[in-house]
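**Q** Sequence:
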Amino acid sequence: GIIFVVFASCVFAQEVIPIQAKRNAIVEECKEYIGTPYLYGGLTKDGIDCSGFVFTTVRDSAGVQLPRTVKALYSFVSIIPDSKKQKGDLVFFKTVESKISHVGIYIGKEQFIHSVSDGPNTGVIVSSLRENYWKTRYAGVGTYFPAETQPTEIYVNSNKDTEKTHSEEVSGIK
Numbered sequence: 053g054i055i056f057v058v059f060a061s062c063v064f065a066q067e068v069i070p071i072q073a074k075r076n077a078i079v080e081e082c083k084e085y086i087g088t089p090y091l092y093g094g095l096t097k098d099g100i101d102c103s104g105f106v107f108t109t110v111r112d113s114a115g116v117q118l119p120r121t122v123k124a125l126y127s128f129v130s131i132i133p134d135s136k137k138q139k140g141d142l143v144f145f146k147t148v149e150s151k152i153s154h155v156g157i158y159i160g161k162e163q164f165i166h167s168v169s170d171g172p173n174t175g176v177i178v179s180s181l182r183e184n185y186w187k188t189r190y191a192g193v194g195t196y197f198p199a200e201t202q203p204t205e206i207y208v209n210s211n212k213d214t215e216k217t218h219s220e221e222v223s224g225i226k
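Numbering-wise (this note's numbering), the sequence shown opens with residue 53 and increments by one.
Don't take each hint at face value.
As the list claims (entries may be wrong) - Here are the simulated lysine to aspartate or glutamate pairs, EDC-like style, with alpha carbons at most 16 Å apart: (1) Lys139 x Glu80; (2) Lys139 x Asp170; (3) Lys146 x Glu183; (4) Lys83 x Asp98; (5) Lys83 x Asp112; (6) Lys137 x Asp112; (7) Lys139 x Glu81; (8) Lys97 x Glu81; (9) Lys161 x Glu183; (10) Lys97 x Asp112; (11) Lys136 x Glu162; (12) Lys146 x Asp170.
Simulated from the structure, these hints should not be mistaken for lab results.
Please model the complete structure; the sequences and the hints are all you need to start from.
**A** Right, here's the structure in full:
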């Protein structure tokens, strides 16, 4: 039982640390693009659009291959509650009629980085989800990372007849 606990703890640590490291790497890569001009269909620091920005930065920093268009990204991610959003998750907006038409990368503290085609600031910029323009067009947040799970806790009792796992204890299984 002890070996399993140690092994399960190691597996858990190996799963969580890389995900958090990838999230941080994505944010750092995004910051490198601030000031890049907007270019429809663009994928480089010479010019980039919103979905190209997501596609390129996530691929280059975390090695994750995402779809290329806003519509495909929205279909690809798992939509999560706002309270669960983390750095590196994608924030979606309805900027054209009632369709999902814009995407950015959440960087924490209610801020996101994205490539904007129109308005007072264009190109890759940092914006706040609290800004009236973005708040009124906000459609939700999605993640492409696997769900983070907690390790199974094992309670070891000296009486072998009553030894059970946490999940058995919760579910009533013996």
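**Q** So, for every hint listed, does it hold in this structure?
**A** Hints, verified against the model:
no. : hint            : verdict
1   : Lys139 x Glu80  : holds (10 Å)
2   : Lys139 x Asp170 : violated (25 Å)
3   : Lys146 x Glu183 : holds (15 Å)
4   : Lys83 x Asp98   : holds (15 Å)
5   : Lys83 x Asp112  : holds (13 Å)
6   : Lys137 x Asp112 : violated (21 Å)
7   : Lys139 x Glu81  : holds (12 Å)
8   : Lys97 x Glu81   : holds (11 Å)
9   : Lys161 x Glu183 : holds (13 Å)
10  : Lys97 x Asp112  : holds (13 Å)
11  : Lys136 x Glu162 : holds (12 Å)
12  : Lys146 x Asp170 : holds (14 Å)
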